[in-house]
Amino acid sequence: MQLYPLKLVTVVGESVIMEDIAEEGAKLGATGYTITEVNGHGSRSARNVASTTGARTAKVEFVVPGDVAVKILTHISHQYFDDYAVIAWLSDVQVVRGQQYVRD
Amino acid sequence: MTTLLLAAIPLWGILSTEQFTRILESLERNLLTPIPLCFVLGIVCTRIHGGIKIPKELYYSIAIFLLMSIGFMGGHELAHEYEAHGVSTIWKPALATLFLGCLTPITSYVVLRYVGGLSIADSAGIAAHYGSTSAVTYAVANSFVEQTQHPANSFLPTLVTILECPGIAIALLIGAALSARERAAKAAQTGRPAKESKLGEALYEVITGQSIMLMAGLLAIGFISTMFMDPKGFQPFYDFFQSKGMLFRGVLCIFLLEMGLVAGEKLGDLLKVGPFLVAFGVLMPLAHGFLAAYLGHLAGLNLGGCTVFAAIVSSASYIAAPPAVRLTLPEANPTLSITAALAITFPFNIAFGIPIYYEMAKWIGAQ
Chain A
1 MQLYPLKLVT VVGESVIMED IAEEGAKLGA TGYTITEVNG HGSRSARNVA STTGARTAKV
61 EFVVPGDVAV KILTHISHQY FDDYAVIAWL SDVQVVRGQQ YVRD
Chain B
1 MTTLLLAAIP LWGILSTEQF TRILESLERN LLTPIPLCFV LGIVCTRIHG GIKIPKELYY
61 SIAIFLLMSI GFMGGHELAH EYEAHGVSTI WKPALATLFL GCLTPITSYV VLRYVGGLSI
121 ADSAGIAAHY GSTSAVTYAV ANSFVEQTQH PANSFLPTLV TILECPGIAI ALLIGAALSA
181 RERAAKAAQT GRPAKESKLG EALYEVITGQ SIMLMAGLLA IGFISTMFMD PKGFQPFYDF
241 FQSKGMLFRG VLCIFLLEMG LVAGEKLGDL LKVGPFLVAF GVLMPLAHGF LAAYLGHLAG
301 LNLGGCTVFA AIVSSASYIA APPAVRLTLP EANPTLSITA ALAITFPFNI AFGIPIYYEM
361 AKWIGAQ
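Chains as they are written, first to last, in the numbering used here: chain A, 1 to 104; chain B, 1 to 367.
Simulated from the structure, these hints should not be mistaken for lab results. Just so you know, not all the hints are guaranteed correct.
Calculated pairs, DSS-like style, for lysine-lysine (alpha carbon to alpha carbon, straight line, at most 27 angstroms) [said to hold, decoys possible]:
| no. | chain 1 | residue 1 | chain 2 | residue 2 |
| --- | --- | --- | --- | --- |
| 1 | A | Lys59 | A | Lys27 |
| 2 | B | Lys244 | B | Lys232 |
| 3 | A | Lys7 | A | Lys59 |
| 4 | A | Lys7 | A | Lys27 |
| 5 | A | Lys71 | A | Lys27 |
| 6 | A | Lys59 | B | Lys56 |
| 7 | B | Lys272 | B | Lys92 |
| 8 | A | Lys7 | A | Lys71 |
| 9 | B | Lys186 | A | Lys27 |
| 10 | B | Lys362 | A | Lys59 |
| 11 | A | Lys59 | A | Lys71 |
| 12 | A | Lys71 | B | Lys186 |
Modelling step: build the complete structure from the supplied sequences, incorporating the hints.
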């Protein structure tokens, strides 16, 4: 089977900004994204509001080419790192049907 | 604590011994009932790491039922009021609500910024919470006045929906306008583009959020169906949402238990927020509550109405406001506003505030 090397950008943080991040990622060149509700604890977890009050933690994932991945990570670090509890990382992935993740 | 005691001294001077005893009796009547006791159980359980756990889905389901029930019954009673008096009894309280909705975020902001010395973003963020209202405080206050045999005017749920938005909007506008300069300066310093404001998006989410959509939506549905439906056909809906108050009060106990569990967790943050915010969380509601009881009385509300009106004006939002503030004023520290709203003002209102507003309304002359 043919596998294509691409990048996986994972962003975890306050769910209040996650939909925005997903849409901004799409504008920067991602062809799609996945949002999942998650639980956890981190260095700024004091900022995290209890589930009852409606604010939770979410994870957004993008599978994108390397240049788009860098654009997304740069955007997130400039726009959100100062004020929000959010972390982001990049990993190498091998995907099937690689052409689906590249914008023409 | 010292601030609280100092603030209580002038009250001592105003109140006679007889009035003071009456307040104590009211407190006792309120405190030793299932709804606040369930809240206390929740707090105790969290503090001793007890095993109560309310499933999240149940909590959300109850919130939906409470909002729908408040809206539907409000719409139903509003239709009767409208048939009997037209808008003559409603427009004054509605105007008073709008006025207080605009005033409370401003007074809160001024006190937080100039008395407490908090930053612009923190002051505006907390003011947004106190400018809006808490539907659960409404539900508890309404149960309280029903127990005292002084039910509130039927159109109070309408006032709750009016009160929800303007407070958040005004506080966020103040915050966004004043912190724009700071943000521009920071952007120039770091050489990065200034962060865009998400004010419009945040306000849209408040207006189209679950509380407003369900409460205002069901208010309209209750109103329309009362006006146009055959009373026999309407009865089953009425029975379900009203259920002689049984279902409503029962699920309110479960809801308050969960609120207690969350507030218990937040108690630890009280030390972090400092004595000023603790005093603010108690004294600001008392001041707003007194003003609301007075204006409510002038606008023609009855004793129960004034009490509930004071409770909703003095209460702080912890569902609609936090995400809106987070989006618009990200520099504001959410621990401060959530702790003040949920761990100070909410318990204060449930346990002490509501009976105090009841006595205030009586003292003003509401009947």
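Now the hints, each set against the structure:
{"no.": "1", "hint": "A:Lys59 to A:Lys27", "verdict": "holds, 18 angstroms"}
{"no.": "2", "hint": "B:Lys244 to B:Lys232", "verdict": "holds, 17 angstroms"}
{"no.": "3", "hint": "A:Lys7 to A:Lys59", "verdict": "holds, 16 angstroms"}
{"no.": "4", "hint": "A:Lys7 to A:Lys27", "verdict": "holds, 17 angstroms"}
{"no.": "5", "hint": "A:Lys71 to A:Lys27", "verdict": "holds, 10 angstroms"}
{"no.": "6", "hint": "A:Lys59 to B:Lys56", "verdict": "holds, 19 angstroms"}
{"no.": "7", "hint": "B:Lys272 to B:Lys92", "verdict": "violated, 42 angstroms"}
{"no.": "8", "hint": "A:Lys7 to A:Lys71", "verdict": "holds, 12 angstroms"}
{"no.": "9", "hint": "B:Lys186 to A:Lys27", "verdict": "holds, 26 angstroms"}
{"no.": "10", "hint": "B:Lys362 to A:Lys59", "verdict": "violated, 52 angstroms"}
{"no.": "11", "hint": "A:Lys59 to A:Lys71", "verdict": "holds, 18 angstroms"}
{"no.": "12", "hint": "A:Lys71 to B:Lys186", "verdict": "holds, 22 angstroms"}
Violated hints, in rising order: 7 and 10; the structure is consistent with all others.
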